[in-house]
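Protein chains: 2
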Amino acid sequence: MKIEEEIKQDKFHSEYQKLAINILFTSNWLSANSTKILKPYGISPQQYNVLRILKGQSPKAISVSNIMERMIDKMSNTSRLVEKLRQKELIERVTCESDRRQVDVKITHKGLALLEKVNKEMNAFKNIADNLSEQEAKTINQLLDKMRG
Amino acid sequence: MKIEEEIKQDKFHSEYQKLAINILFTSNWLSANSTKILKPYGISPQQYNVLRILKGQSPKAISVSNIMERMIDKMSNTSRLVEKLRQKELIERVTCESDRRQVDVKITHKGLALLEKVNKEMNAFKNIADNLSEQEAKTINQLLDKMRG
DNA sequence: TCCATATCAATGTATATACACTTAATGTTA
DNA sequence: TAACATTAAGTGTATATACATTGATATGGA
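Listed in order, the protein sequences are those of chains A and B.
Following this note's numbering from start to finish, the first sequence increments by one per residue and tops out at 150.
Following this note's numbering from start to finish, the second sequence increments by one per residue and tops out at 150.
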């Protein structure tokens, strides 16, 4: 559906302004979708993002600041997110011996098992694939990268 | 900068997964930018969105639920946002006489004046225009609309 | 008219977020 | 090595958010 209809605004100041609004709107649309899928599993999209990052490094551990660098939303509070995941026993956290300021974080078997189940449902990206060709997805990816400069 | 570098992830499961992440990341990037510009004016991006919607209707008033329909983030709490703006005297709120469940909301002179000043700075969209042609912006807009189905 | 249902806005509450500040450990250099 | 700067992580706090619920009004059918 056209963004004009989604937010009932029939004209925009420019194609660029419309683009900014379209990106924000689409992002919220994607988030709402993930939140809904993740809810029954008791994790937020941000926590899911952290779990995926840790799975990507598994079985190695990485530091909290390394997690932060890899997060989609750099502004979120990684320490507290990690603590939430630890309470659920989805990750483990150990002080790094060689640099005692750092904390080594690693996904647990329980975390990997959860991710396995969730990922199946997270073929929410299937929705996207239903509407766009792979080439079209690639085009947007290239243009967004270009846009951010 | 390529999304791969932004979040230090060198490969994705598919072009579609990459697209979802790219949209979320770019949206956060835009939000962080607006938050920074708006901060000295004491309003949040959501409050800015509401003010713009009200300006679009000015001098007419619209109901809280009409505002909600037009918001980029439909999930936010419009009642409370409106109350914040009222406290700052940027809008006014009157119970609708013909339907006493509704509330008529209208932007004030003070609100319009603030928007005027902010909008000048909000040519943050200039950043986008620096990197993309109008045709490229249009292409992304069309593809995002198509993507949401 | 009466009652069930729908709609509009507001509120309660748990959680999340932004952002400044603190604490502890490590690096640097005079 | 003492003094200062930097880095990593955690914390305090005000605000924002998601989401269920409430309360008031309106609507539509028996």
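Treat the hints with care, as some may be off.
Which copy? The list can't say, so a pair holds if one copy fits it or any two copies do.
Stated by the list, open to error - The list that follows gives simulated cross-link-like pairs (lysine-lysine, DSS-like), each with its CA atoms no further than 30 Å apart: (1) K85 <-> K37; (2) K61 <-> K147; (3) K111 <-> K3; (4) K139 <-> K111; (5) K56 <-> K19; (6) K3 <-> K19; (7) K19 <-> K139.
Honestly, the hints are just simulated from the structure, not real lab data.
### Message
Please sort K3 with K19 into within, between, both or neither, judging by C-alpha distance up to 30 Å.
### Response
Both. Shortest intra-copy (11 Å) and inter-copy (22 Å) distances satisfy the 30 Å Cα cut-off.
#### Entry: Intra- versus inter-subunit Cα pairing at 30 Å for K85 with K37
both (19 Å within a copy, 28 Å between copies)
### Message
Within a copy, between copies, both or neither: which one fits K111 and K3 at a CA-CA cutoff of 30 Å?
### Response
So K111 and K3 fail the 30 Å test inside a copy (42 Å) and across (33 Å) alike.
### Message
Within a copy, between copies, both or neither: which one fits K56 and K19 at a CA-CA cutoff of 30 Å?
### Response
between (37 Å within a copy, 17 Å between copies)
### Task
Go through the copies and call it for K61 and K147: within, between, both or neither, with a Cα cutoff of 30 Å.
Neither. Shortest intra-copy (33 Å) and inter-copy (40 Å) distances fail the 30 Å Cα cut-off.
#### Entry: Same-copy or cross-copy closeness of K139 to K111 [CA-CA at most 30 Å]
Neither way: K139 and K111 sit 34 Å apart in one copy and 45 Å across, limit 30 Å.
### Task
Indicate which option fits the pair K19, K139 if close means a Cα-Cα distance not exceeding 30 Å: within, between, both or neither.
Both: 21 Å inside a copy, 9 Å across copies.
Of the numbered hints listed earlier, those contradicted by the structure are 2, 3 and 4.
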